[in-house]
Amino acid sequence: MDERLEQALAVSKSLETHQNQKNILHKQYKDNLIYYFDGHKVSVDLSLINYCTNSTGPVVIVDDNKTPVLIDADNVIAFTKQITAMYDTASRKYLVEFTKIKSKRSVKELIGL
Amino acid sequence: MTQGVLLFAYNSKNMDYTKQAIYCAKLIKQHLNKEVALVTDDEAYLSRQYPFYKKYIDHVIITGYEDKVQERVYNDGLYHSDKQRWYNTNRSSCFELSPFDETIVIDTDVLIFNDELNRCFGSAEDFLISKDYNFVDMQRDYSEFDKVSSTTCDMFWATAFYFKKTEFTSIFFDLIEHIKENWHFYRLVYEIAPVKFRNDYAFSIAIHMLRGMKDATWPLRVPTAIWVTVDKDILHAIDDTKLTLLLHKDYDYQLSAISDATVHVMNKFSLERCIDKVFEDE
Chain A
2 MDERLEQALA VSKSLETHQN QKNILHKQYK DNLIYYFDGH KVSVDLSLIN
52 YCTNSTGPVV IVDDNKTPVL IDADNVIAFT KQITAMYDTA SRKYLVEFTK
102 IKSKRSVKEL IGL
Chain B
800 MTQGVLLFAY NSKNMDYTKQ AIYCAKLIKQ HLNKEVALVT DDEAYLSRQY
850 PFYKKYIDHV IITGYEDKVQ ERVYNDGLYH SDKQRWYNTN RSSCFELSPF
900 DETIVIDTDV LIFNDELNRC FGSAEDFLIS KDYNFVDMQR DYSEFDKVSS
950 TTCDMFWATA FYFKKTEFTS IFFDLIEHIK ENWHFYRLVY EIAPVKFRND
1000 YAFSIAIHML RGMKDATWPL RVPTAIWVTV DKDILHAIDD TKLTLLLHKD
1050 YDYQLSAISD ATVHVMNKFS LERCIDKVFE DE
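Protein chains in written order, with my numbering: chain A, 2 to 114; chain B, 800 to 1081.
Be aware that a few hints might be false.
[Stated by the list, open to error] Below, in silico cross-link-like pairs of lysine-lysine (DSSO-like), each with a Cα-Cα straight-line distance of 30 Å or less:
#1 B:Lys812 - B:Lys1031
#2 A:Lys103 - B:Lys1041
#3 B:Lys1041 - A:Lys94
#4 B:Lys1076 - A:Lys105
No wet-lab data here; the hints were simulated from the structure. These numbers were taken from a predicted model, which means no experiment stands behind them.
Work out the full structure: start from the sequences and follow the hints.
Structure representation (structure tokens):
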């Protein structure tokens, strides 16, 4: 095989491996943004955090299973704190893990063999 | 309310499901810290081959397997496969067999590396099941697994489910039993080409029937992401919380790793090789 083609194919394989690891991390990040409580499943994002932060009274949200949930006024602050902390932890973990693989040049380093 | 995990293990000629079950139970103890019950047909083998099993398994329930000879092809990566007998058809008996009020049932080849399955316990729902699988090879299209067949109902996976002992779940498991007894009728109605009975199909059909043959939000999903590596992939190594894998491509493999996850390893040959290494320290 032409050496140039062989080298290009090797690089392509390595990039494919990188991309798959990135996709796995991103999927795990999205899963880590799901808040489970009292049988409810809520995907947390910045708009939900913003909405809860700015609410002065009870909050109604519709969870991922299309079930409405009432967060009463006494619990809104605690709920907002929890989802914010979860968002923060998940995002930081994603950053750390992503940074680890970003700098890895070989497949061996990437997988940690 | 007692809570625990139920495993089924019936060995075939070259497949040691008992070994897988003990390793699975070890991970359950480590990450979920729950009691484990094992349904099997051969206690003597368990004690003789794995004298340390009591460290991880709290209840052994002896039942014979059903006298239905089923065979399936097991792949060990791209270049080796073996046709073997398969006896795991009595999963619908979990309602009667489970010693727990709240039970998670998982396949013995599901490796648990986080505590997320504990979210099932105390759920308001009577029944939760896995549906949306994440394939470790995220670049491959596995949409063929979304449906029981291209023209019929959604596919649910009996690989991991949770139930409480209630009247409702009793009806559900009785329906699965009925589907199993009339398997050839239901497989034709649901346009399932393979002749052999599969728990996943029976569960999916029962769910479809119970929700009035329509789409519905019931049943809710098991509250954790379940990752899958297919049997043409190879499990290379198991570390404390990380799996190293070779993902199959058309004629080749691609290295991959996944950590802090619940992973269904379908290549049982490579799983058993990795477990052998872990058990050297037992």
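Hints, verified against the model:
1. Proposed proximity of B:Lys812 and B:Lys1031 is supported: the alpha carbons are some 21 Å apart, at most 30 Å.
2. Pair hint A:Lys103 plus B:Lys1041 holds up; C-alpha atoms about 19 Å apart against a cutoff of 30 Å.
3. Taking the CA atoms of B:Lys1041 and A:Lys94, the gap is near 16 Å; set against the 30 Å cutoff, the hint holds.
4. For the hint pairing B:Lys1076 with A:Lys105, the CA-to-CA distance comes to about 28 Å; that is within 30 Å, so the pair holds.
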